[in-house]
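According to this note's numbering, the residues represented by the sequence shown are 337 to 615, in order.
Among the hints, erroneous ones may be present.
[To be verified] Beta-carbon label-pair distances, calculated as ranges:
#1 367 with 511: 40 to 46 angstroms
#2 484 with 413: 19 to 25 angstroms
#3 581 with 428: 39 to 45 angstroms
Please keep in mind that the hints were generated in silico from the structure rather than gathered at the bench. Where is the CB? At the ideal position from N, CA and C, for every residue including glycine.
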Amino acid sequence: MSTPAAEHAPGLASAHDVAARARGLTKAYGSGETTVLALDSVDVDVVRGRFTAVMGPSGSGKSTLMHCLAGLDSVSAGQVWLGDTEITGLKDRELTRLRRDRIGFMFQSFNLIPTLNAAENITLPMDIAGQKPDREWLDQVIDTLGLRDRLRHRPSQLSGGQQQRVACARALASRPELIFADEPTGNLDSRAGLEVLAFLREAVDDLGQTVVMVTHDPGAAAHSDLVLFLADGRIVDEMQHPSAEAVLERMRLFAGGNAARAAEGDGVAARVGEPAGED
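Please construct the entire structure, taking both the sequences and the accompanying hints into account.
And the structure:
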């Protein structure tokens, strides 16, 4: 998604093949003296075929950034594109169609239908849209995620890790351009969490997918190709080929509102402004 931070603003890519991008992305909540700036003129590129993690202190704007990039939340100012499609001016129905056809989602809660088996949950969004899955692709996804012998099981018959794998398969089923994962390991034990992270890694390496994951866990971020660090609604730093230890050390610099000092210490031209109240 990018070249070293010293060569350009954090979060911007030199490559032209971007899956999503934002320019001047601003999101404010409230009005007047009660206005809270969650995102402050963010510029970011998401390069196709890479695994990007987004991290930051509580209230830094990381989940808000994901929601705006995915068209789940409106923006106060700026522009957002999915591929070559600008989504900031789309109507609700157009956004719904775009999310259904071009984006996959994974959340902390699995959001599986308890009365449907795993196979039915995986294809449910496509069934609702009246679309037929690419059987060869779907078989590849199911086998990559190790779900072949669990397809007839309902969610209550699956472990937490298996349920999240079903959710991952559902996100991949339509072969989306981009997968957004918001704390996908948050409800899992460490072993199941590692399994899901390994599957997301495989989705990028073996299936050619593009993944953006919001996480607070340095260990989870270490599975990515690139970590973007948010503070006070701005991208202030990035780290390529991260390790859990290096990410943890960088996060310590941001703790307690020290984003400006951390950015200055790394030679990053970051502007740190008003605190954001949304995560």
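Evaluated hints:
1. 367 with 511: 40 to 46 angstroms: 41 angstroms, holds
2. 484 with 413: 19 to 25 angstroms: With Cβ atoms ~47 angstroms apart, the hint is violated.
3. 581 with 428: 39 to 45 angstroms: With a Cβ separation near 44 angstroms, residue 581 and residue 428 satisfy 39 to 45 angstroms, so the hint holds.
Of the hints listed earlier, the one the structure fails to meet is number 2.
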